[in-house]
Structure formats: structure tokens, C-alpha cells
Amino acid sequence: MEGNVLFALGLTLFAGLATGVGALIAFFTSRTNKKFLSVALGFSAGVMIYVSLVEIFFKAKQSLTTALGESQGYWMTILGFFGGMIFIALIDKFIPKGKNPHEVKTVEDVNAVKVDTRIEESEKLMKMGVFTALAIAIHNFPEGIATFMSAIQDPNVGTAIAIAVAIHNIPEGIAVAVPIYFATGIRKKAFKLSFFSGLAEPVGAIVAYLILTPFLTDVMFGVIFAAVAGIMVFISLDELLPAAKKYDETHLSIYGLVAGMAVMAVSLVLLV
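Under this note's numbering, residues 3 to 274 are what the sequence shown spells out, in order.
If you are wondering where the hints come from, they were derived from the structure by calculation, not from laboratory data. Heads up, some of the hints might be wrong.
[As the list claims (entries may be wrong)] Simulated restraints on C-beta separations:
hint : residue 1 : residue 2 : range
1    : Val56     : Trp77     : 19 to 29 angstroms
2    : Lys126    : Thr215    : 37 to 47 angstroms
3    : Ile213    : Ile80     : 17 to 27 angstroms
4    : Ile80     : Asp240    : 11 to 21 angstroms
5    : Phe217    : Arg189    : 26 to 36 angstroms
6    : Gly12     : Lys190    : 18 to 28 angstroms
7    : Ala261    : Phe60     : 21 to 31 angstroms
8    : Lys129    : Gly71     : 48 to 58 angstroms
9    : Leu214    : Gly12     : 13 to 23 angstroms
10   : Gln64     : Glu251    : 38 to 48 angstroms
11   : Phe84     : Ala267    : 21 to 31 angstroms
12   : Lys129    : Ile93     : 46 to 56 angstroms
13   : Glu125    : Ala69     : 47 to 57 angstroms
These numbers come from a predicted model, not from an experiment. Glycine included, every Cβ here is placed at the ideal spot set by N, Cα and C.
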């Protein structure tokens with residue numbers, strides 16, 4: 003159990019710190035490979051949707067029907083699934099629209115904010131960057147819980163989710179780094195805020211470990227796992243797919259989505 007916990011915490015740390023990778027991309031590349039971004043985000047969505055509906059939801063239902071009976075257990079699974087969706091939707095609702103991390107940023111956005119660097123504009127950019135970092139931290143918290151709980155139950159599933167979350171955290175890192183860098187001119191400061199916004203991911207995992215795992219009965223596990231499935235599906239439909247389509251060319255995002263599902267399906271069969 004202890005080994006599983008450390009592995010799960012490591013996965014959430016890996017996923018969260020991908021925001022720092024986004025910051026580095028913003029600083030050291032001249033343009034974004036939009037085709038790759040579209041495929042990568044689509045792939046991430048495919049992994050999340052497939053593993054949530056085929057693996058996580060099924061395990062939640064299995065756990066709850068065993069503990070509560072077929073009918074009551076199935077209803078509890080459904081309530082947990084949509085409860086997870088409502089939970090992440092409420093978090094999004096309370097994040098100010100202008101700061102919502104669902105707006106994917108590219109390296110080209112760096113040049114767009116270069117135009118005016120007057121003191122007044124710099125203050126606005128700084129405020130935008132700080133609020134974006136805060137919004138991303140709030141948004142990453144439940145993702146950390148979801149990744150951790152998945153990895154505790156099944157390290158292979160947890161690994162797949164961590165990789166998918168890491169991919170979509172990269173553009174979020176750009177969203178934090180871009181305005182702060184051009185407000186201050188200090189790469190180190192922009193990188194730090196981007197880096198720390200991703201730490202909400204492992205913090206969510208630690209909270210899950212300290213608060214949830216001591217009470218982990220079959221019913222509690224089933225409800226949490228169903229909620230995790232709901233959170234992942236919501237993030238995929240609300241965030242990843244729209245962002246992938248934004249940079250889409252010749253259905254690349256859908257090809258990425260199908261590839262993500264296929265890779266997840268094959269890996270689940272091979273790792274059984």
C-alpha cells in the first residue's frame with residue numbers, strides 16, 4: 003500500500019509540473035506546432051474518455067453493486083458520476099471567465115502581448131498572470147484527487163490519466179508564463195508562478211490521501227471512483243476537445259482522439 007501511495011503521489015507531481023514545461027516552451031520556441039497541439043489534446047481527451055467510461059465507471063459500479071446490491075449500487079454509481087461532473091462544473095463557474103485556464107495559449111500569444119509595455123499595461127498583464135495561476139491551481143486540485151485515486155486502485159490506469167493530464171497542463175503553463183513574463187521581463191518569476199500553479203495537483207493528491215483513504219470502504223471507493231470518471235469526462239468534453247478543435251486541420255483532433263482511445267484500449271488488454 004505504501005509503495006502504491008508513493009507511486010500515485012509521484013504521478014500527480016509529474017502531471018502537475020507539466021505547467022513548467024509550458025512555461026519553457028513559451029520562452030524558448032518561436033512558434034507553436036499547432037498540428038501537434040491539436041493531435042496531443044485530442045489524444046489526451048481520448049485516453050480520459052475511454053478509461054473513464056470503460057474502466058473507471060465499470061470498477062465503480064462493480065464496487066457499489068457488490069456492497070449495495072444491483073439496483074441501488076447502479077443508481078449510486080450514476081449519482082457519483084454526475085456528481086463529479088457537477089463538482090468540476092461548479093469550480094469552473096466560480097473561476098472568473100477572463101482567467102479561466104480553458105483558454106489555451108500558444109507561443110504566438112507571447113508576441114501578441116509585446117505590443118504595449120507601458121506601466122499601466124504591465125500591471126494589467128501581471129494581474130492577468132497571477133489570476134490565471136490561481137485559476138489553474140483551483141482547477142488542478144480535483145484533477146490531482148482523480149489521478150491519485152485512480153493510481154491507488156490501478157497504477158496502469160493512473161499512469162495513463164497522469165500522462166493525459168500532463169499533456170493538457172502544458173498549454174496552461176503557457177497561459178500563466180506569457181503575461182507575467184511581459185509584465186516583469188523576468189523569465190524566472192514567470193516560470194516560478196507557472197511551476198507553482200501545477201503543484202495544486204500533488205496537493206490534491208495529499209488531501210485525498212489524508213482525508214479520503216482512511217475512510218475507504220467499498221461504498222466510499224465506488225462513489226469516489228464514479229466521481230473521478232465524471233470529472234475526467236467533463237474535462238475532456240468541456241476543455242480538451244474544444245481546445246483541440248481550435249487548432250484543428252483536416253480532422254487531426256479526432257484522429258488524435260481515436261488514437262488515444264485505441265492506445266488506452268490496447269494497453270488495458272495487455273496489462274491485465
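Hint check:
Checked against the hint of 19 to 29 angstroms, the C-beta distance between Val56 and Trp77 comes to roughly 20 angstroms, which is consistent with it. At roughly 43 angstroms, the beta-carbon separation of Lys126 and Thr215 lies within the given 37 to 47 angstroms, and the hint holds. Between Ile213 and Ile80 the Cβ separation comes to about 24 angstroms, which falls inside the hinted range of 17 to 27 angstroms. Between Ile80 and Asp240 the CB atoms are about 20 angstroms apart, so this pair conforms to the stated range of 11 to 21 angstroms.
Between Phe217 and Arg189, the C-beta spacing of about 44 angstroms breaks the proposed range 26 to 36 angstroms. Range check, Gly12 to Lys190: Cβ separation about 26 angstroms, and the 18 to 28 angstroms hint holds. Checked against the hint of 21 to 31 angstroms, the C-beta distance between Ala261 and Phe60 comes to roughly 22 angstroms, which is consistent with it. Range check, Lys129 to Gly71: about 53 angstroms between beta-carbon atoms, so the 48 to 58 angstroms window is met.
For the hinted restraint 13 to 23 angstroms between Leu214 and Gly12, the CB-CB distance of approximately 18 angstroms keeps it satisfied. The hinted range of 38 to 48 angstroms is satisfied by Gln64 and Glu251, whose Cβ atoms lie roughly 41 angstroms apart. Restraint check, Phe84 to Ala267: a C-beta distance of roughly 24 angstroms satisfies the suggested window 21 to 31 angstroms. The beta-carbon spacing between Lys129 and Ile93, approximately 21 angstroms, falls outside the hinted interval of 46 to 56 angstroms.
Checked against the hint of 47 to 57 angstroms, the pair Glu125 and Ala69 passes, with Cβ atoms roughly 55 angstroms apart.
Figure legend: structure checked against the earlier numbered hints; hints not met, in rising order: 5, 12.
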